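Trainee: When you get a sec, could you build the whole thing from the sequences and use the hints?
Protein chains in written order, with our numbering: chain A, 23 to 463; chain F, 843 to 1458; chain E, 44 to 202.
These are calculated hints, taken from the structure and not from any lab test. As the structure is a prediction and not an experimental result, all values here were calculated from the model. Don't be surprised by glycine CBs; every beta carbon is placed ideally from N, CA and C. Possibly wrong hints are sitting among the right ones.
Taking lysine-lysine and the PhoX-like style, the derived pairs with C-alpha atoms no more than 25 Å apart in a straight line are [unchecked claim]:
| # | chain 1 | residue 1 | chain 2 | residue 2 |
| --- | --- | --- | --- | --- |
| 1 | F | K1152 | F | K1162 |
| 2 | E | K152 | A | K395 |
| 3 | F | K1067 | E | K54 |
Derived coverage of chain A by chain F (criterion: at least 3 residues anywhere in the stretch with Cβ under 8 Å from a Cβ of chain F; other residues may be distant) [to be verified]:
| # | region |
| --- | --- |
| 4 | 203-213 |
| 5 | 431-445 |
So the derived list for chain A, only partly shown, Cβ under 10 Å to chain E, looks like this [as the list claims (entries may be wrong)]:
| # | residue |
| --- | --- |
| 6 | P85 |
| 7 | R100 |
| 8 | L341 |
| 9 | V363 |
| 10 | I367 |
| 11 | S372 |
| 12 | K402 |
| 13 | V405 |
| 14 | D416 |
| 15 | H417 |
| 16 | V420 |
| 17 | L424 |
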Amino acid sequence: MAAAKKKPAARRLARPARMRHIIIGAGPAGVIAAETLRKLDPNAGVTIIGDEREPPYSRMALPYYLSRKINEAGTHLRKTPRHFKKLGIDVRRDRVTAVDARNRQVKLAGGGSLTYDKLLIATGSSPVSPPIPGMDLPGIHPCWTLADARHIAKHARPGAKVVLMGAGFIGCIILEALARRGVQLTVVEMANRMVPRMMNTTAGGLIKQWCLDKGVRVHTSTKVTAIEKGPDGRGLRVRLDNGTVLPADLIISATGVRPNIGFLKGSGIKTDHGVLINRNMQTSNPHVFAAGDVAQGLDFSTGEYSVQAIQPTAADHGLLAARNMAGHKGAVHRGSVNMNVLDTIGLVSSSFGQWMGATGGDSAELCDRNRFKYLNLQFKDDVLVGATSLGLTDHIGVLRGLIQTRTRLGEWKEKLKHDPTRIMEAYLANTQAVGFNAGMI
Amino acid sequence: MAWTRNVMRVNLTKGTIKREPLNMEWAMEYLGQRGLATKYFVEEVDPKVDPLSPENKMIMTTGPLTGTMASTGGRYSVVTKGPLTGAIACSNSGGFIGAEIKSAGWDMIIFEGRSKKPVYLYVENDRAELLDARDLWGKSVWDTDHELHKRHQDPLIRVAAVGRAAEKGCLYAAIVNDLHRAAGRSGVGTVMASKNLKAVVVRGTRGVGNIRDPKAFMKAVNAGKKVLHDNAVTGAGLPKYGTQVLMNVINEIGASPTRNMREVQFEGASKISGEAMHEIRKSDGKANLVTNAACFGCTIACGRISVIDKNHYTVVNSPKYWGASGGLEYEAAWALGNDTGVDDLDALTYANFLCNEDGIDPISFGSTVAAAMELYETGAITKKDTGGIDLKFGSAEALTKITELTCRGEGFGKIIGLGSRRLCEKYGHPELSMTVKSQEFPAYDPRGIQGMGLAYATSNRGACHLRGYTVASEVMGIPEKTDPLTTDGKPALVKAFQDATAVVDSTGLCVFTTFAWTLNDIQPQIAAACEGDWSMEKLHEVGERIWNMERMFNNAAGFTARDDTLPRRLLTEPARTGPARGKANMLDKMLPEYYRLRGWTPEGTPTKETRARLGL
Amino acid sequence: MLRALKIEPEKCTGCLQCEMACSYENEQVFNPSKSRIRIFNFHDEGRFAPYTCTQCAEAWCLHSCPVEAIVINPKTGAKEVIEDVCVGCKVCTIACPFGTVNYNHDSGKVIKCDLCGGNPACAEACPTAAITYVDIDQTGLDRMRAHAQKTLPQSAQAA
Ligand SMILES: Cc1cc2nc3c(=O)[nH]c(=O)nc-3n(C[C@H](O)[C@H](O)[C@H](O)COP(=O)(O)OP(=O)(O)OC[C@H]3O[C@@H](n4cnc5c(N)ncnc54)[C@H](O)[C@@H]3O)c2cc1C
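Mentor: This is the structure:
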């Protein structure tokens, strides 16, 4: 900067043509990417195209909108008025229908097209509707968008009979919000426990027991076979494969999501489950990048490329994609740790990395069923590779820290196997300067 | 208001736990902790009660400043009737559990009755339950502490527990909290074990608030911290050497009781002193002392954390003791060292670790071993009694062996666990027991520090330095210097120290602050924190009230003026070396005047006028 | 010149004055369990470690926040939680690889060190100067920073 100031002429000469960055999707991945691009290149053109009606908002905040902790504005990703304008980021409400990679253009549903130098696909994912008869009846909603949340808020009145299909991670978060609204809640989950993809049988079972104790009905290992209109034409009925029929005023479907990649058909950009990217967040087309729920990025723990569909990964991706789009060659992805934290009616749980264990690894576990406390650490050699906890909220970030730095625990591994609650000590002993008292003596 | 105003009442017989509002009328008269809990105790318990029966109660109590930022404000006390003495017992401890109890929202926990099977109390803020401790019974304090931390999956729970010695009936068993802080004296741990209560586990996350005038409080706290920091003892001596700063000093003035108090100077003192703990050992190139450490909120940090040389005979085959743990404080170093004639620093450290691990009072234990050694020397005890231990003065091996046995309640250790008076009576030499009201002496010889003779003789919990520490004045000149070899003015001095200490013990603060603080430094902190009138005048009155209340309990329990005395040795066998050479303690010159100053009859009971004046 | 907390664990005695000062400053009660700075006790080694947020440049907490409830105070450089905006989702508590953002059950929000707006109560309360507030290049944060770099999901040179 200092040098540039001294030689304005030279700088002008060296300045490259103004870059045009286009970002599809105004979720966290897209917004973080846009802001980072702006920081890295004050002159570039940065445009976000999002198809939702609202200003860029956060899906993650929807449960707190439902539980009335915040209003709609509280869900917005940025709170400063005219935030994007001030940064010179052009946020457009439109829908990209196709990508013409050869001509570096995106086609808009509203008509016309835009040309890019670099393109970021950050279109997130959408809920999938399970193939169940009656899923198209009114009164069945996913809980994915702010529009969905408004519908749910309208119908989930105190005392209303609500059936929640799916007790995965998202389902469980919504469960908390619904319980706070005072509805009569029943949860139906196909797997044998709650949050099956984040918790093992013990932990998932404890969360189920916790919900039962709090007055939520929970059916695990149970499928919804059909949804019908209520007997008098009002309300709905949910048929379960165990023979139970549940009356419902509202059904919320949280049975999984799928990356939004349909519009890429014919673009030549390679997709699998999501958009395939390399460690520079680059797709098969060097001018096109992908980030967030739509991207099949590097998983830190497994070394494989997968869709993680979590907020911290979307943020990491967005940041890193922008650095690469701005030409920072060294910005190589080291992989994101899959991790979640969940509050189920006051029971806080978390899981990290290979919580299910690594082949050839070993583990430490403590379980107190009476007090809903659980801690499970997974090791490979003397490195922490995964963890699960229930009822632990202090310093849990170090679990991520230890996993992602691949810190060798040395003698601390045995100590942790003996007493896993000493995790914070193990972390500090291996990463921080912890001194003997030389001050007074 | 500083008090939480909540009292937890745990009936172990019935297995019930109830919340009661704190009696604020009493709080205004007795402040908290020692004073207030003793008031509850004397109101509820028959003085004649058998200390180990279900009818005895045990109160764990905090003070109004416990859990606040006042320096050293982390203390709690255990009030009960002591099995060693049969007198009122009030043992004070630091560490962290006191503040935790307060932070969980409780001023005190009253235990009554006796559980049918071993239990522990688990407190998490409002929630309290009695949980099965059958699997913990038979475990040491250390093992119990580790197991409970694991079981509750919480590194921040605080544990106070009794060890095997208490379970086996050792009469001076301690309640150990935070691994090596202890409510150590008079056998309060024995009472806890007699109730089948293995441990108290606490987690408090509510914090301590309700300070009457927060601004004034922080000002007073900071002023207090500054005084402690600037003072040579609390700001430099104690952090550097701990209470062990006294080892050489007291030895030099000829007041270091040695070999069951036969002598007043110990030739090995410098080898086991605070200075020695700093010295690099030749054997492993390390010092005994690893660091100083603080209790909750304490800006002095006198605590010792030590390591034993891994090759020392005591631990060479026991890696369990290779880590750092609570090291020697002066009283322990003296009792285990000077009084038994042992000068092996690591052996003493090991014995001290064991005292913590299984919860026994090292003062009473060391003194009892000293008496046993003298009995052994005279032939009253033989190897047949000791199970083959060659119980000679100066034998580190004998000391550490007998420590292991006593801590586990095995073999001759069971007899040692009865304390010096019962031991000496059993073997026909009651005169060799260095005790007052059946409690063993601490580390200040009343022949070299005359005032301490009166303090011991009149202490409400038997021989004890912490009921009136005139050493401060007689040796260190705090708050002003008096001559340790004369009795002039000592009755008034003892009374003043006893009353002031009763106040300090009722606040939640540590008595060690009084090396630098007087009540004038403490009063603004109490006044800013607590509702009510807490003038200096009021505090003096509260101290005197507490002292007399305790005395009246003891009188009703059967103690009389005849019990306000010292062992014959200290009254008739003059010191043979040092500045006090030729002097015995001159208790009879002090006691009558002390009674007069106290407003007691010549029989040692508070007069009607005194009782009326103090509202007793 | 920005300032930072300099921590010299070798001077710490484990007294928790800092924890009380912190909780009193932020919560108006003496409550170590709500302190933003914590003392860890390595009992078997006789060591203590005061530990809190270093206000790291990567600001994992800030980036992971879905509602922009964590912002940088331009005066101090501290990453501060705006209580009114925080929804209590706890994602920052798992995102911070240093474990220095904690969830407060009572408020339903997260808490972390904010340097008390430039006058850290912990440093003021520490009786042994184990915690001081000094110019940033004196803190010896390099070690922690180096550690942070390792955690970065991308390479070090990106900025
Ligand atoms: C109720 C709920 C709770 C959650 N809780 C958590 C949690 O606690 N922790 C956690 O880690 N994660 C949570 N998540 C997941 C988290 O919200 C997502 O991982 C995150 O939003 C992904 O960000 P993104 O930017 O990749 O995608 P999104 O946030 O989905 O944003 C993508 C945007 O692109 C738009 N778009 C799609 N296609 C097009 C197109 N063709 N043209 C224009 N725009 C398009 C979409 O409409 C959307 O607005 C939760 C999600 C939900 C729904």
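Trainee: Each hint needs a verdict: does it hold in this structure or not?
Mentor: Hint by hint, here is what the structure shows:
Restraint check for K1152 (chain F) and K1162 (chain F): the C-alpha separation of about 10 Å stays at or below 25 Å, so the hint holds. About 21 Å separates the Cα atoms of K152 (chain E) and K395 (chain A), which keeps this hinted pair within 25 Å; it holds. Restraint check for K1067 (chain F) and K54 (chain E): satisfied, since their Cα atoms lie roughly 17 Å apart, inside the 25 Å limit. By the rule of at least three residues with a Cβ nearer than 8 Å to a Cβ of chain F, the coverage given for the region 203-213 of chain A is violated, with 0 such residues.
Figure legend: the region 431-445 of chain A, annotated as covered by chain F; annotation consistent (3 residues with Cβ-Cβ distances under 8 Å, at least 3 required). Here the hint on P85 (chain A) is kept, as its CB sits about 8 Å from the closest CB of chain E, short of 10 Å. Satisfaction of the interface hint for R100 (chain A) is found here, the shortest Cβ-Cβ separation to chain E being roughly 6 Å, below the 10 Å cut-off. Hint status for L341 (chain A) relative to chain E: holds, with the closest Cβ pair at about 7 Å, below 10 Å.
Taking 10 Å as the C-beta cut-off, the interface hint given for V363 (chain A) holds, the closest approach to chain E being about 4 Å. With 10 Å as the threshold, the beta carbon of I367 (chain A) stays out of range of chain E, its nearest partner Cβ sitting at about 13 Å, so the hint is violated. Taking 10 Å as the C-beta cut-off, the interface hint given for S372 (chain A) holds, the closest approach to chain E being about 6 Å. The criterion of a C-beta within 10 Å of any C-beta in chain E is not met by K402 (chain A), whose closest approach is roughly 17 Å, and the hint is violated.
The beta carbon of V405 (chain A) is not positioned within 10 Å of any beta carbon in chain E (closest approach about 13 Å), and the interface hint is therefore violated. The interface hint given for D416 (chain A) is met, as the beta carbon of that residue sits about 5 Å from the closest beta carbon of chain E, less than 10 Å. The beta carbon of H417 (chain A) is positioned within 10 Å of a beta carbon in chain E (closest approach about 3 Å), and the interface hint is therefore held. A distance limit of 10 Å between C-beta atoms decides the matter here; for V420 (chain A) the minimum to chain E is near 4 Å, and the interface restraint holds.
With its C-beta approaching chain E no nearer than about 8 Å, L424 (chain A) sits inside the 10 Å limit, and its interface hint holds.
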